[in-house]
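Visitor: Let chain A serve as the given structure and place chain B on it in line with the hints.
There are 2 protein chains.
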Amino acid sequence: MPTEPENAQDPSHPAAAGFGRRGALLAAGAALAAGLGAAADDLARKELTGRHHPTPAAPPAEAAAPFHGPRQAGVTAPQQPATQLLAFDLPQTSAAADRQTLRTVLDALTRTLAAAASDAPSDARLQSLGTTRLTSLVGVGPGLATRLGLDVPAALADLPTFPGDRLDPARSGGDLLLQLCAADRWTLTVVAELVATAAGSAGATPRWSQSGFLPVTTPGTTPRNLFGFKDGTSNPAPAEDEQFVWGPPGAHHDGTVLVYRRIRMDVAGFAGLPADQRERTIGRRQGDGVPLTGTAEHDDPDIYAKNPDGSYVIPANAHVRLTSPRLDGGTRMLRRGYSYDDAPTDRGLLFCAFMRDPAQFTRVQNRLATRDALTPYLQHQASAVAYVLPGCAPGGSLGERLWT
Amino acid sequence: MPTEPENAQDPSHPAAAGFGRRGALLAAGAALAAGLGAAADDLARKELTGRHHPTPAAPPAEAAAPFHGPRQAGVTAPQQPATQLLAFDLPQTSAAADRQTLRTVLDALTRTLAAAASDAPSDARLQSLGTTRLTSLVGVGPGLATRLGLDVPAALADLPTFPGDRLDPARSGGDLLLQLCAADRWTLTVVAELVATAAGSAGATPRWSQSGFLPVTTPGTTPRNLFGFKDGTSNPAPAEDEQFVWGPPGAHHDGTVLVYRRIRMDVAGFAGLPADQRERTIGRRQGDGVPLTGTAEHDDPDIYAKNPDGSYVIPANAHVRLTSPRLDGGTRMLRRGYSYDDAPTDRGLLFCAFMRDPAQFTRVQNRLATRDALTPYLQHQASAVAYVLPGCAPGGSLGERLWT
Chain A
433 MPTEPENAQD
443 PSHPAAAGFG
453 RRGALLAAGA
463 ALAAGLGAAA
473 DDLARKELTG
483 RHHPTPAAPP
493 AEAAAPFHGP
503 RQAGVTAPQQ
513 PATQLLAFDL
523 PQTSAAADRQ
533 TLRTVLDALT
543 RTLAAAASDA
553 PSDARLQSLG
563 TTRLTSLVGV
573 GPGLATRLGL
583 DVPAALADLP
593 TFPGDRLDPA
603 RSGGDLLLQL
613 CAADRWTLTV
623 VAELVATAAG
633 SAGATPRWSQ
643 SGFLPVTTPG
653 TTPRNLFGFK
663 DGTSNPAPAE
673 DEQFVWGPPG
683 AHHDGTVLVY
693 RRIRMDVAGF
703 AGLPADQRER
713 TIGRRQGDGV
723 PLTGTAEHDD
733 PDIYAKNPDG
743 SYVIPANAHV
753 RLTSPRLDGG
763 TRMLRRGYSY
773 DDAPTDRGLL
783 FCAFMRDPAQ
793 FTRVQNRLAT
803 RDALTPYLQH
813 QASAVAYVLP
823 GCAPGGSLGE
833 RLWT
Chain B
433 MPTEPENAQD
443 PSHPAAAGFG
453 RRGALLAAGA
463 ALAAGLGAAA
473 DDLARKELTG
483 RHHPTPAAPP
493 AEAAAPFHGP
503 RQAGVTAPQQ
513 PATQLLAFDL
523 PQTSAAADRQ
533 TLRTVLDALT
543 RTLAAAASDA
553 PSDARLQSLG
563 TTRLTSLVGV
573 GPGLATRLGL
583 DVPAALADLP
593 TFPGDRLDPA
603 RSGGDLLLQL
613 CAADRWTLTV
623 VAELVATAAG
633 SAGATPRWSQ
643 SGFLPVTTPG
653 TTPRNLFGFK
663 DGTSNPAPAE
673 DEQFVWGPPG
683 AHHDGTVLVY
693 RRIRMDVAGF
703 AGLPADQRER
713 TIGRRQGDGV
723 PLTGTAEHDD
733 PDIYAKNPDG
743 SYVIPANAHV
753 RLTSPRLDGG
763 TRMLRRGYSY
773 DDAPTDRGLL
783 FCAFMRDPAQ
793 FTRVQNRLAT
803 RDALTPYLQH
813 QASAVAYVLP
823 GCAPGGSLGE
833 RLWT
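Protein chains in written order, with my numbering: chain A, 433 to 836; chain B, 433 to 836.
Misleading hints may appear alongside valid ones.
[Stated by the list, open to error] Partial list, derived from the structure: chain B residues whose beta carbon lies under 8 Å from chain A:
| id | residue |
| --- | --- |
| 1 | Ala586 |
| 2 | Asp616 |
| 3 | Ser641 |
[Unchecked claim] Far from chain A by the CB rule (all over 10 Å, computed), these chain B residues:
| id | residue |
| --- | --- |
| 4 | Glu625 |
| 5 | Gly682 |
| 6 | Ala801 |
[Claimed, not checked] Calculated from the model, a selection of chain B residues having no Cβ within reach of chain A, i.e. all distances over 12 Å:
| id | residue |
| --- | --- |
| 7 | Ala589 |
| 8 | Phe594 |
| 9 | Ile735 |
| 10 | Arg795 |
The hints are simulated quantities; they were obtained by calculation from the structure and are not laboratory data.
We put the CB at the ideal spot given by N, CA and C, even for glycine.
So that you can see chain A by itself, here it is in the shape it has in the complex (with noise of 0.2 Å):
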């Protein structure tokens, strides 16, 4: 059995989120097998019925995450190509019997949850998945959170306006935010479905929905946004974790705070510029993530590098200078974005970022709202902040300690 019984029980180990590592080699390794055979597999199937058998891609090669663990899976779980966002709002009647809504609404999407994460899930769609390899996370919006008096952390609030922000409220906030990711956009339009009518029986209503996607790539790089370049090369290592992401010992001490925001990117006019203005626009290479004053993707960004002539290598303007940690006393948000494409003219980023403190979103945000050289091709749409909850033990249920 590949686990790792001590580090699975110790939320304060990387390891703790159940990706037990010898268990991912050997996934990893049967996956490898599976891929040099699958060509051959197809072949003799075609030879032997003499039909069309439409070839998706093979299965990617992680195990699946469990759904059960002091922690939700959806934080720091490896990254997969597809994501889905959903907003809920509850009704607004009397404290109590809002909060038995709430009760009853995180008991159905835990069981739901839970079901569609596992092995032999009872949505006959999914079963056909064999595993969906799902991962998600639930959280409570601080409106919510002030409502119901709910056991939530002292930070979390909604973040103050930006300049330039364009946001649509339809789009926005919500009085819970799950986020769903999967290897494929067809798992995640089932569960959906599912959660939302678990959601739905339980009293709460949808508010808005919004789906992205990463490229595929060699595991272990960093993915790529729409403008080309990588995007998370500096977040935090997993021992930082429990400092910048996870909270502080106590109630809150194994849920993050995640702010969501939606960015249309103006693709196009970025891709028009010269090459060497785009790099200096984000202050590393297009091609390899490199820091214009580096060699490799990971080190860190020189942000006080001269040129001959005085001026900085990395330019004042530049993205990577205006987001750097030591301008925030080496704090780091643990960044999982994707791209969304809506339409032609609506394409652009999904920023998620996990971290125990949202003001830090917006220490770095309003220094990027003002002078990031980015921003001409930027336009903020949408904003959510939630408290990601605890995780939970089979039996129980999300939101246990929600409850003061």
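Guide: Structure of chain B alone, referenced to chain A:
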């Protein structure tokens, strides 16, 4: 401009680990070369560089299909998880001028698609993928063919209106129809932008665009639609393609006709039926796709088999009966459908089928529209037909044989 002193100590500065990181990259590369797999690479990077590396799924196993050849790759290449359909219109001035515009547009599309599908795409964003695995096809609509007197199959014609059709003209038809397929939506978003730019510069106007997807499953298996049933089981055998899919010997031998229908599905409604009723509606078992009269998925459904009480085993209004090739003298169409999910209440199937003569689709759809037990759960919302052009050699252009 940062106000921190230039010698500010950065607690996360990894200078001491710099050499180790390069060593880690070398070690990771060696591990990859030794075939130990991507997870080992990822693990090595995580442990030695101390940074989160978001990890999308592994790349698919099959080799990419080349763009150039006698036939366009998008017709019979293995289906991939992501598709995008794009329709364009051409100006209507004089036949001579419009023919020149069409030539210019087809030249531009050929260059753009060939470059995007090559091992060395010119776009910096696509370069980062290594290979895009793009497959594509370009077709011309019946209206354009008539207007410009193009040499297309005589059978190319708009479809008639079927009972129950609720077609949106803004999502239907078009002078030019493209289908792009790739391993992920990210690639398609980038390529669709390149295509739109190229077509627009040459004089075409975007008409509609539609994205779709398949579940990522084991290669060689038939993909499922959002009802959870396998879709495409009874496609022609590759040897039958010459008879049913590709044109007869002559000018159109390397072309085919694409019939596209955007079919909204009442996914939740159908899922709410009892399992046996779902299977009698389709005529196949949901889990394995086996016809109700058979023991293996690829058994031909026996539409004449009866129960002891005299009723048909496959009911009279079952979907597989009404689509049975036995009712069309054995003729089969090559179905390559994709699911779509444009909103929680707008999900369904992008029916895409290739055939020599679109009258075949008309015959089948006339049966389905009036008698299919699935009809209450379906609504046809868009429609298009296109002559999929023969392929072209390197240096050539799609549509070389359109000019009579």
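Visitor: Interface hint check: Ala586(B), Cβ to nearest Cβ on chain A, cutoff 8 Å. Holds or violated?
Guide: Violated. Min distance 26 Å.
Visitor: Would the non-interface assignment of Gly682(B) survive a Cβ cutoff of 10 Å against chain A?
Guide: holds (24 Å)
Visitor: Once the shortest beta carbon distance from Ser641(B) to chain A is found, is it less than 8 Å?
Guide: holds (6 Å)
Visitor: Could you check that no beta carbon of chain A comes within 10 Å of the beta carbon of Glu625(B)?
Guide: Answer for Glu625(B): violated, closest chain A Cβ roughly 6 Å.
Visitor: Confirm or reject the statement that Ile735(B) sits farther than 12 Å, beta carbon to beta carbon, from all of chain A.
Guide: Answer for Ile735(B): holds, closest chain A Cβ roughly 18 Å.
Visitor: Would the stated hint for Asp616(B) survive a check requiring a Cβ distance to chain A of less than 8 Å?
Guide: holds (4 Å)
Visitor: Taking the minimum C-beta separation from Ala801(B) to chain A, is that value above 10 Å?
Guide: holds (25 Å)
Visitor: For Phe594(B), is the shortest beta carbon distance to chain A beyond 12 Å?
Guide: holds (25 Å)
Visitor: Over 12 Å from every CB of chain A: does Arg795(B) meet that, or does the non-interface label fail?
Guide: holds (21 Å)
Visitor: Taking 12 Å as the cut and beta carbons as the points, is Ala589(B) off the interface with chain A?
Guide: holds (26 Å)
Taken one by one, the earlier hints fail for this structure at numbers 1, 4, listed in ascending order.
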